[in-house]
Amino acid sequence: MTNKNKLTQAEVIKMERDLAKFANMMDSVVRIPFTKQGVGADAALSTIPVAGDVAGFVLTCYAVLQARKIGVPQSKLNGVLKLAVMDGVVGLIPVAGTLFDVFIRPSRKALDVVHDHIREEYQIHSDHHVVHPFLHENLERKQQDSAFWRNPVVAWIWIHIPDLLGLLFLSIFAVALWFGVTFLWQWFQSI
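Going by the numbering used here, the first residue of the sequence shown is number 189, and it counts up by one from there.
Take these hints with a grain of salt, some might be off.
What the hints assert, rightly or not - Calculated cross-link-like contacts (lysine-lysine; reagent style DSS-like; alpha-carbon spacing at most 30 Å): (1) Lys330 <-> Lys202; (2) Lys202 <-> Lys270; (3) Lys257 <-> Lys202.
Said to hold, decoys possible - Restraint-style ranges between C-beta atoms, simulated for each label pair: (4) Gln225 <-> Glu308: 34 to 44 Å; (5) Phe336 <-> Ile379: 16 to 26 Å; (6) Asn266 <-> Ala335: 39 to 49 Å; (7) Trp344 <-> Val273: 34 to 44 Å; (8) Phe291 <-> Ala239: 20 to 30 Å; (9) Asp300 <-> Phe371: 42 to 52 Å; (10) Ile379 <-> Pro237: 22 to 32 Å; (11) Ala239 <-> Lys264: 44 to 54 Å; (12) Asn266 <-> Trp375: 53 to 63 Å.
Hints listed in this document are in silico derivations from the structure and should not be mistaken for laboratory results. Here the structure is a predicted model, which means the values were calculated and not measured. For each residue, glycine too, the CB sits at the ideal point set by N, CA and C.
Take these sequences, add in the hints, and give me the full structure.
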(Lines of atoms letter the chains of each structure in order from A and count residues from 1; the text may use other names and numbers.)
(Lines give C-alpha, C1' and ligand atoms only; values in the text may rest on other atoms or scores of the structure.)
Protein backbone atom coordinates (compact mmCIF):
# COMPACT_ATOMS: atom_id res chain seq x y z
CA MET A 1 0.00 0.00 0.00
CA THR A 2 1.50 3.36 -0.96
CA ASN A 3 1.47 6.34 1.33
CA LYS A 4 -1.06 8.21 -0.83
CA ASN A 5 -3.55 5.34 -0.24
CA LYS A 6 -2.76 5.05 3.45
CA LEU A 7 -5.78 5.48 5.69
CA THR A 8 -5.95 8.03 8.49
CA GLN A 9 -5.87 6.88 12.11
CA ALA A 10 -9.56 7.78 12.50
CA GLU A 11 -10.49 5.72 9.42
CA VAL A 12 -8.48 2.75 10.67
CA ILE A 13 -10.04 2.94 14.13
CA LYS A 14 -13.54 3.03 12.60
CA MET A 15 -12.76 0.09 10.31
CA GLU A 16 -11.26 -1.92 13.16
CA ARG A 17 -14.28 -1.15 15.35
CA ASP A 18 -16.57 -2.36 12.55
CA LEU A 19 -14.51 -5.55 12.28
CA ALA A 20 -14.70 -5.94 16.08
CA LYS A 21 -18.50 -5.66 15.91
CA PHE A 22 -18.54 -8.35 13.24
CA ALA A 23 -16.13 -10.60 15.18
CA ASN A 24 -18.23 -10.21 18.33
CA MET A 25 -21.37 -11.16 16.44
CA MET A 26 -19.67 -14.19 14.89
CA ASP A 27 -17.68 -15.43 17.86
CA SER A 28 -18.77 -13.93 21.15
CA VAL A 29 -22.31 -12.54 21.27
CA VAL A 30 -22.73 -14.37 24.58
CA ARG A 31 -19.52 -14.07 26.56
CA ILE A 32 -18.09 -15.61 29.68
CA PRO A 33 -17.82 -12.60 32.04
CA PHE A 34 -14.50 -10.69 31.99
CA THR A 35 -13.05 -12.92 29.26
CA LYS A 36 -12.97 -12.80 25.48
CA GLN A 37 -14.34 -16.35 25.31
CA GLY A 38 -17.87 -16.61 24.09
CA VAL A 39 -20.34 -18.12 21.69
CA GLY A 40 -21.65 -16.41 18.59
CA ALA A 41 -23.39 -16.80 15.26
CA ASP A 42 -20.63 -19.07 13.90
CA ALA A 43 -21.38 -21.74 16.51
CA ALA A 44 -25.13 -21.26 16.01
CA LEU A 45 -24.77 -21.61 12.24
CA SER A 46 -22.75 -24.80 12.63
CA THR A 47 -25.79 -26.53 14.11
CA ILE A 48 -27.26 -26.46 10.57
CA PRO A 49 -25.51 -29.34 8.75
CA VAL A 50 -23.25 -28.33 5.84
CA ALA A 51 -25.08 -25.08 4.92
CA GLY A 52 -24.28 -23.53 8.31
CA ASP A 53 -20.60 -24.43 8.02
CA VAL A 54 -20.42 -23.02 4.48
CA ALA A 55 -22.12 -19.82 5.68
CA GLY A 56 -19.66 -19.57 8.59
CA PHE A 57 -16.73 -19.93 6.19
CA VAL A 58 -18.11 -17.28 3.82
CA LEU A 59 -18.66 -14.88 6.72
CA THR A 60 -15.10 -15.45 7.93
CA CYS A 61 -13.89 -14.61 4.42
CA TYR A 62 -15.73 -11.29 4.84
CA ALA A 63 -13.61 -10.59 7.93
CA VAL A 64 -10.48 -11.34 5.88
CA LEU A 65 -11.64 -8.93 3.14
CA GLN A 66 -12.18 -6.20 5.74
CA ALA A 67 -8.67 -6.82 7.06
CA ARG A 68 -7.31 -6.46 3.52
CA LYS A 69 -9.12 -3.09 3.18
CA ILE A 70 -7.26 -1.90 6.27
CA GLY A 71 -4.04 -2.89 4.52
CA VAL A 72 -3.09 -6.12 6.26
CA PRO A 73 -0.83 -8.10 3.91
CA GLN A 74 -2.14 -11.45 2.68
CA SER A 75 0.83 -13.22 4.26
CA LYS A 76 -0.43 -12.17 7.72
CA LEU A 77 -3.94 -13.40 6.90
CA ASN A 78 -2.98 -16.86 5.64
CA GLY A 79 -3.18 -18.26 9.17
CA VAL A 80 -6.72 -16.90 9.51
CA LEU A 81 -7.75 -18.54 6.24
CA LYS A 82 -6.23 -21.87 7.31
CA LEU A 83 -8.16 -21.62 10.57
CA ALA A 84 -11.37 -20.85 8.65
CA VAL A 85 -10.88 -23.89 6.40
CA MET A 86 -10.17 -26.10 9.42
CA ASP A 87 -13.26 -24.65 11.14
CA GLY A 88 -15.37 -25.44 8.08
CA VAL A 89 -14.06 -29.01 7.73
CA VAL A 90 -14.35 -29.91 11.42
CA GLY A 91 -17.72 -28.15 11.47
CA LEU A 92 -19.09 -30.90 9.23
CA ILE A 93 -18.84 -33.32 12.18
CA PRO A 94 -22.08 -33.10 14.20
CA VAL A 95 -21.75 -31.86 17.80
CA ALA A 96 -17.92 -31.89 17.70
CA GLY A 97 -18.01 -29.23 14.97
CA THR A 98 -20.26 -26.99 17.03
CA LEU A 99 -18.02 -27.36 20.09
CA PHE A 100 -15.01 -26.63 17.89
CA ASP A 101 -16.72 -23.40 16.74
CA VAL A 102 -16.97 -22.20 20.33
CA PHE A 103 -13.19 -22.36 20.81
CA ILE A 104 -11.77 -21.86 17.30
CA ARG A 105 -12.83 -18.36 16.35
CA PRO A 106 -11.42 -17.29 12.98
CA SER A 107 -13.17 -13.90 12.91
CA ARG A 108 -11.64 -13.03 16.30
CA LYS A 109 -8.25 -14.21 14.96
CA ALA A 110 -8.67 -11.86 11.97
CA LEU A 111 -9.36 -9.01 14.42
CA ASP A 112 -6.19 -9.88 16.38
CA VAL A 113 -4.13 -9.84 13.17
CA VAL A 114 -5.62 -6.46 12.22
CA HIS A 115 -4.92 -5.04 15.67
CA ASP A 116 -1.28 -6.15 15.52
CA HIS A 117 -0.99 -4.65 12.03
CA ILE A 118 -2.41 -1.24 12.95
CA ARG A 119 -0.24 -1.18 16.06
CA GLU A 120 2.81 -1.46 13.77
CA GLU A 121 1.60 0.57 10.77
CA TYR A 122 -0.44 3.34 12.38
CA GLN A 123 1.03 3.48 15.89
CA ILE A 124 -2.42 2.92 17.44
CA HIS A 125 -1.70 1.23 20.74
CA SER A 126 -5.09 1.61 22.42
CA ASP A 127 -7.65 -1.14 22.09
CA HIS A 128 -10.54 0.63 23.84
CA HIS A 129 -12.42 0.94 20.54
CA VAL A 130 -12.56 -2.86 20.10
CA VAL A 131 -13.57 -3.77 23.67
CA HIS A 132 -17.38 -4.08 23.55
CA PRO A 133 -17.39 -2.06 20.30
CA PHE A 134 -21.19 -1.61 20.15
CA LEU A 135 -21.31 -0.21 23.67
CA HIS A 136 -18.16 1.86 23.20
CA GLU A 137 -19.46 3.50 20.03
CA ASN A 138 -22.74 4.28 21.76
CA LEU A 139 -20.88 5.65 24.80
CA GLU A 140 -18.82 8.01 22.60
CA ARG A 141 -22.03 9.47 21.19
CA LYS A 142 -23.49 9.89 24.68
CA GLN A 143 -20.27 11.52 25.96
CA GLN A 144 -20.50 14.22 23.30
CA ASP A 145 -23.82 15.40 24.74
CA SER A 146 -23.49 14.84 28.48
CA ALA A 147 -20.93 15.23 31.25
CA PHE A 148 -22.70 12.43 33.12
CA TRP A 149 -21.47 9.90 30.54
CA ARG A 150 -17.90 11.29 30.70
CA ASN A 151 -17.71 10.26 34.38
CA PRO A 152 -15.14 7.41 34.45
CA VAL A 153 -17.23 5.25 36.83
CA VAL A 154 -20.37 5.61 34.71
CA ALA A 155 -18.35 4.89 31.53
CA TRP A 156 -16.75 1.79 33.09
CA ILE A 157 -20.14 0.44 34.21
CA TRP A 158 -21.62 1.08 30.74
CA ILE A 159 -18.75 -0.68 28.93
CA HIS A 160 -18.88 -3.66 31.31
CA ILE A 161 -22.64 -4.24 31.20
CA PRO A 162 -22.19 -7.62 29.44
CA ASP A 163 -19.71 -8.75 32.10
CA LEU A 164 -21.93 -7.59 34.94
CA LEU A 165 -24.99 -9.28 33.43
CA GLY A 166 -22.91 -12.42 32.92
CA LEU A 167 -21.90 -12.39 36.57
CA LEU A 168 -25.53 -11.95 37.56
CA PHE A 169 -26.52 -14.90 35.35
CA LEU A 170 -23.71 -17.09 36.75
CA SER A 171 -24.73 -16.17 40.31
CA ILE A 172 -28.37 -17.05 39.66
CA PHE A 173 -27.28 -20.26 37.94
CA ALA A 174 -25.04 -21.21 40.91
CA VAL A 175 -27.88 -20.58 43.40
CA ALA A 176 -30.33 -22.60 41.26
CA LEU A 177 -27.76 -25.41 40.96
CA TRP A 178 -27.21 -25.39 44.73
CA PHE A 179 -30.97 -25.59 45.37
CA GLY A 180 -31.29 -28.37 42.79
CA VAL A 181 -28.47 -30.43 44.30
CA THR A 182 -29.83 -29.84 47.82
CA PHE A 183 -33.29 -30.95 46.72
CA LEU A 184 -31.92 -34.09 45.04
CA TRP A 185 -29.76 -34.89 48.07
CA GLN A 186 -32.75 -34.63 50.40
CA TRP A 187 -34.90 -36.67 48.01
CA PHE A 188 -32.29 -39.46 47.83
CA GLN A 189 -31.98 -39.49 51.62
CA SER A 190 -35.75 -39.84 52.02
CA ILE A 191 -35.86 -42.94 49.81
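For each hint, the structure was consulted:
1. Lys330 <-> Lys202: Holds. Lys330 to Lys202 sits at ~17 Å (cutoff 30 Å).
2. Lys202 <-> Lys270: 26 Å, holds
3. Lys257 <-> Lys202: Within the cut-off at roughly 12 Å; holds.
4. Gln225 <-> Glu308: 34 to 44 Å: 26 Å, violated
5. Phe336 <-> Ile379: 16 to 26 Å: 58 Å, violated
6. Asn266 <-> Ala335: 39 to 49 Å: 47 Å, holds
7. Trp344 <-> Val273: 34 to 44 Å: 39 Å, holds
8. Phe291 <-> Ala239: 20 to 30 Å: Holds: the Cβ-Cβ distance is about 22 Å, inside 20 to 30 Å.
9. Asp300 <-> Phe371: 42 to 52 Å: 44 Å, holds
10. Ile379 <-> Pro237: 22 to 32 Å: For Pro237 against Ile379, whose Cβ atoms are near 43 Å apart, the range 22 to 32 Å is violated.
11. Ala239 <-> Lys264: 44 to 54 Å: Given range 44 to 54 Å: violated, Cβ gap about 30 Å.
12. Asn266 <-> Trp375: 53 to 63 Å: 57 Å, holds
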